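Trainee: Using the sequences and the accompanying hints, generate a full structural model.
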Amino acid sequence: MSNKEKHWEKTKGLMIITLIIWFVFGYLIFMFGSDLNTSSFMGYPLAYYMCAQGSIIAFVILIFWFANRQEKIDEEFGFTEKEDD
Amino acid sequence: MFKGNFIDNLPKIYGTYTGGFFIFIILMAIAEQAGMTAKTIGILFVAFTVCIYAIIGYLSRTVQVDAYYVAGRQVPTVFNGMATAADWMSGASFVAMAGGIYFGGYTYMAFLVGWTGGYVLVSSLLAPYLRKFGCYTVPDFIGTRYGGNFARFCAVVVLTLASFTYVTAQINATGTIASRALSIPFELGVWVGLVSILLCSMLGGMRAVTWTQVAQYIVLIIAYLIPVFWISNKSGFGFFPHFMLGEEVARLGALESQFGLVKNAAADIKAAGVPGGLKSIAVSHAGVPEGGMAAWKFISLALCMMVGTASLPHILMRYFTTPSVKAARKSVAWSLFFIALLYTSAPMLATLSKISLIDPNLPTGIIGKPIAEIMQIEWVNAWINVKQAFIADFNGDGILQLNEWFMRGDVVVLATPEVAGLPYVISGLVAAGGMAAAMSTADGLILAIANALSHDIYYKIIDPKADVRKRLLVARALLIVIGAAGAYIASMRITSILGAVAWAFDFAMSGLFFPLILGVWWKRATRQGAIAGMIAGLASGTAYLIYVYPKFMGNAPWLGIDHLRFGIIGASVCLVVMVVVSLMTEEPDKATQQMVDEVRVPSGKTILGKQH
Numbered sequence: 001m002s003n004k005e006k007h008w009e010k011t012k013g014l015m016i017i018t019l020i021i022w023f024v025f026g027y028l029i030f031m032f033g034s035d036l037n038t039s040s041f042m043g044y045p046l047a048y049y050m051c052a053q054g055s056i057i058a059f060v061i062l063i064f065w066f067a068n069r070q071e072k073i074d075e076e077f078g079f080t081e082k083e084d085d
Numbered sequence: 086m087f088k089g090n091f092i093d094n095l096p097k098i099y100g101t102y103t104g105g106f107f108i109f110i111i112l113m114a115i116a117e118q119a120g121m122t123a124k125t126i127g128i129l130f131v132a133f134t135v136c137i138y139a140i141i142g143y144l145s146r147t148v149q150v151d152a153y154y155v156a157g158r159q160v161p162t163v164f165n166g167m168a169t170a171a172d173w174m175s176g177a178s179f180v181a182m183a184g185g186i187y188f189g190g191y192t193y194m195a196f197l198v199g200w201t202g203g204y205v206l207v208s209s210l211l212a213p214y215l216r217k218f219g220c221y222t223v224p225d226f227i228g229t230r231y232g233g234n235f236a237r238f239c240a241v242v243v244l245t246l247a248s249f250t251y252v253t254a255q256i257n258a259t260g261t262i263a264s265r266a267l268s269i270p271f272e273l274g275v276w277v278g279l280v281s282i283l284l285c286s287m288l289g290g291m292r293a294v295t296w297t298q299v300a301q302y303i304v305l306i307i308a309y310l311i312p313v314f315w316i317s318n319k320s321g322f323g324f325f326p327h328f329m330l331g332e333e334v335a336r337l338g339a340l341e342s343q344f345g346l347v348k349n350a351a352a353d354i355k356a357a358g359v360p361g362g363l364k365s366i367a368v369s370h371a372g373v374p375e376g377g378m379a380a381w382k383f384i385s386l387a388l389c390m391m392v393g394t395a396s397l398p399h400i401l402m403r404y405f406t407t408p409s410v411k412a413a414r415k416s417v418a419w420s421l422f423f424i425a426l427l428y429t430s431a432p433m434l435a436t437l438s439k440i441s442l443i444d445p446n447l448p449t450g451i452i453g454k455p456i457a458e459i460m461q462i463e464w465v466n467a468w469i470n471v472k473q474a475f476i477a478d479f480n481g482d483g484i485l486q487l488n489e490w491f492m493r494g495d496v497v498v499l500a501t502p503e504v505a506g507l508p509y510v511i512s513g514l515v516a517a518g519g520m521a522a523a524m525s526t527a528d529g530l531i532l533a534i535a536n537a538l539s540h541d542i543y544y545k546i547i548d549p550k551a552d553v554r555k556r557l558l559v560a561r562a563l564l565i566v567i568g569a570a571g572a573y574i575a576s577m578r579i580t581s582i583l584g585a586v587a588w589a590f591d592f593a594m595s596g597l598f599f600p601l602i603l604g605v606w607w608k609r610a611t612r613q614g615a616i617a618g619m620i621a622g623l624a625s626g627t628a629y630l631i632y633v634y635p636k637f638m639g640n641a642p643w644l645g646i647d648h649l650r651f652g653i654i655g656a657s658v659c660l661v662v663m664v665v666v667s668l669m670t671e672e673p674d675k676a677t678q679q680m681v682d683e684v685r686v687p688s689g690k691t692i693l694g695k696q697h
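Protein chains in written order, with the working numbering: chain A, 1 to 85; chain B, 86 to 697.
Because the hints were derived from the structure by calculation, they are not lab data. The model shown is predicted, which means the values in this text are computed figures rather than measured ones. One should not assume that every hint holds.
[Claimed, not checked] Only pairs whose alpha carbons sit at most 25 Å apart, straight line, appear in this in silico DMTMM-like list of lysine to aspartate or glutamate:
id, chain 1, residue 1, chain 2, residue 2
1, B, K411, A, E76
2, A, K12, B, E458
3, B, K608, A, E5
4, B, K690, A, D35
5, A, K12, B, D682
Mentor: As structure tokens, then:
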């Protein structure tokens with residue numbers, strides 16, 4: 001496998017992990033909204049909290065994490081951009 | 086100040102600007118104490134901020150193609166994040182979202198999840214690759230990746246339809262705010278709004294829009310957060326509302342069961358003469374509706390908004406302006422961070438507003454009190470007079486019940502400062518914030534449409550030999566034409582703000598989502614496949630919308646997929662058709678496959694040249 005193909009394999013892997021986490025916070029937990037709401041977090045019913053703040057914060061962290069991971073992958077295979085590109 | 090190495094000076098420039106804005110707020114507060122009327126303060130707030138944007142727009146004028154289309158690709162990560170956040174948060178987000186949560190509770194909050202989660206798709210599937218591609222517009226990518234003018238043309242059609250649906254709502258919002266703040270008729274307000282919008286974009290294209298959007302973000306976030314924190318502190322709900330309103334949410338649940346959530350019969354509402362668009366609280370604030378169908382409706386709405394986010398050209402094109410692929414990725418993260426500041430505050434504002442109104446133990450509470458007494462309150466009177474609020478004593482007991490108090494969703498943002506007894510200067514600030522939110526989104530949208538028409542239709546298809554001067558002239562003329570068309574439609578008042586906004590997402594996802602991501606992620610995707618997918622997706626989505634929308638054919642939705650969710654039908658059809666047709670046609674040639682390989686690595690030159 002060429003360097004480019006290996007890089008793409010890893011990139012794809014990261015994309016899939018990212019989308020799985022996205023699916024959990026965007027959809028999976030809200031399939032069980034009424035069950036979640038029986039517990040609470042910081043005084044808020046949990047399902048309410050997750051859509052008011054929890055999932056949104058999770059998405060922000062997820063994208064920062066994704067960007068850092070992808071930079072590492074690019075570095076590993078020598079595809080980091082040069083300053084003058 | 087804007088000369089020399091402007092980019093290095095950005096933090097200083099916008100720091101000064103923010104400081105200046107705070108000084109302006111303080112000056113207004115002093116003027117209010119000195120006896121300046123509320124009306125003058127409102128006018129000054131809107132006029133002052135709009136003038137600043139116009140000056141930035143003028144200073145950012147340009148005669149260069151890459152500056153006009155992609156701001157010279159030198160917008161730093163964090164600033165592009167702010168600009169995207171302003172581009173993204175529309176008049177609807179600013180003015181109507183808290184109201185939506187106020188009336189719709191948990192169910193409505195699917196919009197919050199949907200309008201943020203989409204950025205995960207943007208960062209992982211699209212933005213870095215489109216940046217590497219080096220396109221000026223979204224159809225530029227479709228046209229080059231799949232080849233041929235017809236694919237490009239189809240992408241322009243989807244882009245125009247989706248963005249235009251959205252832009253009328255934004256011009257409508259600028260018109261509403263301008264008319265209220267400047268005390269002019271709505272029809273005139275729409276045109277005042279349009280002129281303000283064009284001042285920001287006409288001379289400098291993307292470059293001007295970028296730097297005005299950063300300025301607009303600063304105004305809108307200050308205008309949203311100050312009231313939320315102030316109200317929470319003043320009314321004693323907690324120093325940091327986001328972490329401290331748990332008790333109030335629980336109390337709302339208790340009050341809801343005490344008063345009872347009654348859904349008024351349509352006949353009763355009509356008989357009482359409630360003005361159109363006004364609602365009473367009939368849905369639980371934090372309670373989750375039982376059953377699989379309710380969960381599906383929540384998830385399907387979030388899905389449409391997320392996939393729509395990742396297909397909306399005015400958002401995607403913001404990531405064409407970063408200096409590198411790496412910066413494009415990081416910039417998506419910053420965008421969502423800045424968006425989250427407002428989106429996590431909207432439910433808090435809705436909670437504050439609701440508890441202030443319905444808790445009879447609070448001095449601000451009106452529910453459960455005698456109607457005659459409530460009619461004496463100044464703000465109640467003011468909003469009833471302009472038909473934004475209404476009292477209907479259904480049971481004739483002279484006491485205001487929860488289902489007897491009607492108001493418009495927008496009132497939550499616009500009136501809560503007044504209800505909580507904040508000085509008028511805050512209401513002026515909120516008006517300036519709403520104006521900034523609506524203007525920045527309208528600018529992004531109008532520019533997206535005008536750029537697609539001028540670059541993809543005029544330059545790439547009609548007259549590829551046109552020189553730079555002529556291209557930019559056409560681009561500017563189109564800005565005016567599209568803006569005027571939007572303003573004309575808005576002035577006819579045919580859509581409510583939110584219905585139209587959700588449709589834009591559905592249109593965009595129906596026609597563009599799969600052609601965009603498969604263009605990067607599936608080498609086998611062919612021109613014929615993409616064209617068939619775009620046409621079939623858009624046609625089936627639109628047909629389903631007509632089939633299901635109450636004002637068109639009004640048939641019963643299939644599996645709960647109503648007119649807000651028609652993108653699910655469109656995008657599914659698009660995917661199937663695109664894959665089937667691609668597999669039936671010959672695979673793309675070597676050059677195209679190599680191009681896709683190049684797009685997938687960040688280093689190296691962009692596919693399309695710096696100037697094209």
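Trainee: With reference to the structure, classify each hint as holding or not holding.
Mentor: Right, here's what the structure says about each hint:
1. K411/B to E76/A: holds, 14 Å
2. K12/A to E458/B: Violated, at roughly 65 Å.
3. K608/B to E5/A: holds, 13 Å
4. K690/B to D35/A: Distance of about 51 Å is beyond 25 Å: violated.
5. K12/A to D682/B: It holds: about 13 Å lies between the C-alpha atoms, which stays within 25 Å.
Hints 2 and 4, counting from the list given before, are not met by this structure.
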